[in-house]
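Number of protein chains: 6
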Amino acid sequence: MKEFHAFRLEQVDQVVNVIIDRPEKINAMNAAFWQEIREIFHWADQERSVRAIVLSGAGAHFSSGIDLSLLSETAGQLGRDVGHNTELLHAKILELQSSFNAVANCRKPVLAAIQGYCLGGAIDLIAACDMRYASADARFALKEIDLGMVADTGSLQRLPKLIGDGVLRELAFTGRHFTGEEALSIGLVNRLYMTADQMMDDVMQIAATIAVKSPRAIRGTKAMINYMQDHRIDDGLDYIATWNAAMLQSNDLRIALAAQMSRQAPDFPD
Amino acid sequence: MKEFHAFRLEQVDQVVNVIIDRPEKINAMNAAFWQEIREIFHWADQERSVRAIVLSGAGAHFSSGIDLSLLSETAGQLGRDVGHNTELLHAKILELQSSFNAVANCRKPVLAAIQGYCLGGAIDLIAACDMRYASADARFALKEIDLGMVADTGSLQRLPKLIGDGVLRELAFTGRHFTGEEALSIGLVNRLYMTADQMMDDVMQIAATIAVKSPRAIRGTKAMINYMQDHRIDDGLDYIATWNAAMLQSNDLRIALAAQMSRQAPDFPD
Amino acid sequence: MKEFHAFRLEQVDQVVNVIIDRPEKINAMNAAFWQEIREIFHWADQERSVRAIVLSGAGAHFSSGIDLSLLSETAGQLGRDVGHNTELLHAKILELQSSFNAVANCRKPVLAAIQGYCLGGAIDLIAACDMRYASADARFALKEIDLGMVADTGSLQRLPKLIGDGVLRELAFTGRHFTGEEALSIGLVNRLYMTADQMMDDVMQIAATIAVKSPRAIRGTKAMINYMQDHRIDDGLDYIATWNAAMLQSNDLRIALAAQMSRQAPDFPD
Amino acid sequence: MKEFHAFRLEQVDQVVNVIIDRPEKINAMNAAFWQEIREIFHWADQERSVRAIVLSGAGAHFSSGIDLSLLSETAGQLGRDVGHNTELLHAKILELQSSFNAVANCRKPVLAAIQGYCLGGAIDLIAACDMRYASADARFALKEIDLGMVADTGSLQRLPKLIGDGVLRELAFTGRHFTGEEALSIGLVNRLYMTADQMMDDVMQIAATIAVKSPRAIRGTKAMINYMQDHRIDDGLDYIATWNAAMLQSNDLRIALAAQMSRQAPDFPD
Amino acid sequence: MKEFHAFRLEQVDQVVNVIIDRPEKINAMNAAFWQEIREIFHWADQERSVRAIVLSGAGAHFSSGIDLSLLSETAGQLGRDVGHNTELLHAKILELQSSFNAVANCRKPVLAAIQGYCLGGAIDLIAACDMRYASADARFALKEIDLGMVADTGSLQRLPKLIGDGVLRELAFTGRHFTGEEALSIGLVNRLYMTADQMMDDVMQIAATIAVKSPRAIRGTKAMINYMQDHRIDDGLDYIATWNAAMLQSNDLRIALAAQMSRQAPDFPD
Amino acid sequence: MKEFHAFRLEQVDQVVNVIIDRPEKINAMNAAFWQEIREIFHWADQERSVRAIVLSGAGAHFSSGIDLSLLSETAGQLGRDVGHNTELLHAKILELQSSFNAVANCRKPVLAAIQGYCLGGAIDLIAACDMRYASADARFALKEIDLGMVADTGSLQRLPKLIGDGVLRELAFTGRHFTGEEALSIGLVNRLYMTADQMMDDVMQIAATIAVKSPRAIRGTKAMINYMQDHRIDDGLDYIATWNAAMLQSNDLRIALAAQMSRQAPDFPD
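The listed protein sequences derive, respectively, from chains A, B, C, D, E and F. Residues in the first sequence are numbered from 1 upward in steps of one, following UniProt numbering. Residues in the second sequence are numbered from 1 upward in steps of one, following UniProt numbering. Residues in the third sequence are numbered from 1 upward in steps of one, following UniProt numbering. Residues in the fourth sequence are numbered from 1 upward in steps of one, following UniProt numbering. Residues in the fifth sequence are numbered from 1 upward in steps of one, following UniProt numbering. Residues in the sixth sequence are numbered from 1 upward in steps of one, following UniProt numbering.
Everything labelled a hint here was simulated from the structure, so no lab data went into it. Keep in mind that the hints are not guaranteed to be accurate.
The list treats identical chains as one, so a pair stands whether inside a single copy or across any two.
[As the list claims (entries may be wrong)] Here are the computed lysine-lysine pairs in the DSS-like style, where the Cα-Cα straight-line distance is at most 30 Å:
1) LYS161 x LYS143
2) LYS92 x LYS2
3) LYS143 x LYS2
4) LYS2 x LYS25
5) LYS161 x LYS2
6) LYS25 x LYS92
7) LYS25 x LYS143
Let's have the full structure, built from the sequences with the hints guiding it.
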């Protein structure tokens, strides 16, 4: 596997742990980060040996969000014409968004494991994952408001699917910190663990559970849930009918039924 | 009232209890089930003496989901041409979906009362109901993933309106069992009861409360909430304005006001 | 500041407290109320010295909802032609809706502070606010159903963004009272306080916290969250990219960064 | 084939000509019409020997639209309560609409052949067909406006896909007659013929041409064009990709390629 | 009737002719224009004696579009902060758009009568009307491109409903002039007249024809066609069913039927 | 500039002519074609010296559509499991679609110049262009139906924006050939020329006209028209307001005004 500057990858059977690996910088998202995450998730999307992905941060914290040097670097590219600057910034923002879209659109489940700080852009990132798990020491904040700006890499777009509208507004307007406990109670994370180690053990275990399911059914299920974030119920019913009309002819259903009868674990091909 | 093979109906005043009645098969959904449920809910939709519907299961369990014999029967109808099979399966899936659409589109409130197992297709069914209530022994699972397939009769379309996105994905990807307690905490059910009997008593009571309201206002309220699952806020405001512009000329408002003044229960016509 | 009949305004620094001020009528929403609230929120939207708004009720209760005399007055204007009446009522309902749209579309955050009764139309009102806070004695009810009518000023349109579908239907169909405790557990309010005084203190404090943020970033954040109530994720990402491409050229980002470096509070212009 | 009161059916090979057969009443749409058309198109949708449908009118005219006796009959069912009447009329209108939805949703192409009068409801009907052809003597009018009402069975919904917005408004606001010539120039009909006989010959010929194509590909093409009337381009591309991923595995592609090589007409199974 | 600076109004029976009245400036749209047009169309929307509106230009030309002095005036208000400027311009553009929205949303039909130049903003204006008629000397151009800017007051939003996508792009990218003849052939105008006088006579006649129809049915028809510019067919069918369920109880249907029987002109109340 | 296998590029000033260059194969779309077209349009999108693009075919014909060898090659990759095949074909179709999306999403105008055959996939391609021009000898056909399949690379998605629904269905169901004359009359092409040479001269000239406009305004105009293919009018108005609020601060407006005053051609920077 390729070497990365901002990430380290560890694969256990069919689960790959994608680790943000700049602990000395609280895993701040620098230029390498934004480009490599796109590359990694495109790879994971295509790589047959990968069936589930865990996303975590090296060291005491998940991530402190975007590296401020990136912002000032971009500021340095601005010229005197507002029109020119606007097109340049527009392209830049779309590029950053595409990095997290690669996570959201990856056809395989992505589980975020969060300890310590998870701030600003890190919230945009975990909002693009399928599920989120945290340790008790996790500290979250939508801190873009304290930079005098509107968050623009996905949190305001994806959090409304995850947490209530009222609490989202309070968190986005105030930028206040909130704990793993509160994250659990508002539905941002699925489960809270005493320690980061316990969290990693359990999250890797959940990922392993998912990895032995039919990969085709997992991909289809994720595609369908993603689809429903933006579509009507009648469109969704029509879409799954069209999809399953083909997929129910695959061998996976037969493999599953045979396994149930023989009371053995099914073995689904990639 | 007509006789059914998979159901039994009991009417108390203006509430009808639609009971899945194959306890010896854990109320598995066989061919008769899928056809009769459509018939029953079309009848309930039209029948003026019915103002609220409770949906429950006979015996120790609500339902174990689709009868696997149905799947193998359908498999037996497949031929050698993929195109032909696909059209056949497409029509079949749309037909199954229409059974639960009949529940969702019934103009009268449907309250699901759930004890014991509520698995696979049974989740699709309760997701099409208006409200869900469970006893402490309820056990749920989106078990389609363990059949190597994507759920296709409504759970992935309707659950996103009921429970958080993150927990939905975990349940759909892992297919793990979850308790009534968890169902309550994630918002899948409105209330949890110690025993199935207590549940039935209270659910019938809630249905009776609804049944004495203005039937027209109840139908309108359900229509509006259904509408908002798929439409913009401005469209919804426009729609209710058009609706109420006519309906506020009905007698129901007058009956309600007169009843409040005389401190007597209002008596709304069917 | 202008005098109002149904309201009283108190401004503390950049926070204005909009107080429904008919305590002897349990703050029932009369003709003056519906017109003045529109006027007040248009003013607050434009007034540069206002950066956050608290909406509260004078006396022991937030509001008992629409003043029934308004309904009978409208009934008195109806004639013999159904078509004529329908157009008249349609225009009337759109007018009432526009009063609460003025709250929802006000570009500045609106925090509702709720004690005592919050019934019928009052629920429609708080659903149009950004956040909701309540004291322990708060009592809520979607009581329109007991008037034999469908709620038509926004609760059925906006509550689905705030609370779960199942519990919404139960509350809308039964019209039953529910406590602040339940309002908190279903996500209708963000926080519960022992007393109304404690609530007011804290809500004014939260509003003050918001008022010192960049007004431009606050407006943008509210616009974006409002936008996501009705739009697809890809549209939302595109929209914020277009917005921020211009706004990131403003001084607010520089002010924020300078303040962080100097460890002083930033001072954002209106 | 069953006997009908308002229709006569003639089948030539795989084309069925559905003839409105009340020439003495200018083919006015009476109660039998509205119910039988639904029945006929459901049958044609399912019947394998039918691959294309021509819809025409017996005698000198296509149809004068809804039978006014139907309107007065419905008026006779109205009672004293506006709410009750509104629900009754709402159900009635939805029922009429479902008759023309059966035409629009029939999975097989429907070609309208129009001579003489095509007025009011008859425009709603031809708007639900796939293609329209007329003889030189055809006379059209959206005459609902002269009944003091808004057209409600589909013309205002479907004509915007067929003709320009500006001309549609003129025709709908004035209710003026327009000729086959104008119908051709605004795109309402595909082709104009000197006589009704020439029209029938050619339309039957076009239908016969369609009937020898792959029925599966024809159904898919119609489904896709219908889909695009209501959906985004990106959704449409995704949908056809899902559909064709299955259908390209069918034998039809092989049959077509073999026929092209052997320069013989392909023979597609039903 | 009030005096206006940029307009003159002439009422003939129930038709009002709204005349842009700055012929010495080729009817360029100055500050007074943008504010008064909003005022006039709000008045016409509410005024019962007005049933149809003709929009025309005094002198030899319809209008040369926005007055360039308005642009430079706005430019003069810009300051040094891009964020501040952006908010100011955003508000300004929305305000200009609202002037033409007042035309599009006016519940009564608006007929544009166009002679001579119809350039830039004048195209945005006629695109907001219901129908367009031109004399042979009319000259059109989407000339915003030659100002180095994107048209922002409605032409790019509304023209796609009126003319084909391919020709729209050519006209918008090149900004070239096109004649009344071409405007007719691409569907932008409904009819072409030899002279402006003939045009005015006929357009006033068409407006008069519309003015004797049922005002309620006209308003409903316009509302429905407007609705279909943005909504699905199924939503449109549902909406008209809800609307007509009330409106068919009005007297207009009876008045129309009685008039047809007595072969007299119906007399619909305002 | 890079060498291509299926294409040849010629640049004249700021216009690039992208020529499909396999005349001996009637410019059939082979594997190289599908990959290179994506590459070329990504390049043209980014390359500052390119401001308008002409797309044409070398030799006597524009293109005969997809190379059938591509279809058989794909067929050769299919295995025994329908599920596996379906996923493989799904990915393949999305890949082909992305080639034409690169044309549609290229931020610069694309003008198709069509002579001779333009069949099957070639129609999907020209539908993704901004404008289409043809010579008198052009011959079109949606011939996918004669391959027993539904067109899946964009024609059914994009043609409804270009030509009427009724004629589209006839062409798609029959697969019949149609001439340049008919293409002009139904609005598929903007203009018809006697010879291919005259066409190329004029199309290059139109492209040159576009190339001297403000590139930023051209890009914005294309973005806006693309946006309106999928969005509501109110969303479009909001979007252009947000866009122009920034862009009106650019120098292009000033350059344009100065040029108009000095009666010289403006010189817009890239």
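Here is how each hint holds up against the structure:
For a Cα distance limit of 30 Å, the shortest separation of LYS161 from LYS143 qualifies both inside one copy, at 20 Å, and across copies, at 23 Å. Both within a single protomer and between protomers do LYS92 and LYS2 lie at most 30 Å apart by alpha-carbon distance, with minima of 26 Å and 27 Å respectively. Taking identical chains as interchangeable, the C-alpha atoms of LYS143 and LYS2 are never at most 30 Å apart, the minima being 33 Å within one chain and 37 Å between chains. When the C-alpha separation of LYS2 and LYS25 is checked against a cutoff of 30 Å, the pair qualifies only within one copy, where the shortest distance is 22 Å, while the shortest distance between copies is 42 Å.
Taking the shortest Cα distances, LYS161 and LYS2 never come within 30 Å of each other, neither inside one copy (34 Å) nor across copies (41 Å). Taking the shortest alpha-carbon separations for LYS25 and LYS92, only the intra-copy value of 23 Å comes in at or below 30 Å, while the best inter-copy value is 42 Å. For the homomeric pair LYS25 and LYS143, the shortest alpha-carbon distance inside one copy (17 Å) is at most 30 Å, but the shortest distance between copies (43 Å) is not.
Violated hints, in rising order: 3, 5; the structure is consistent with all others.
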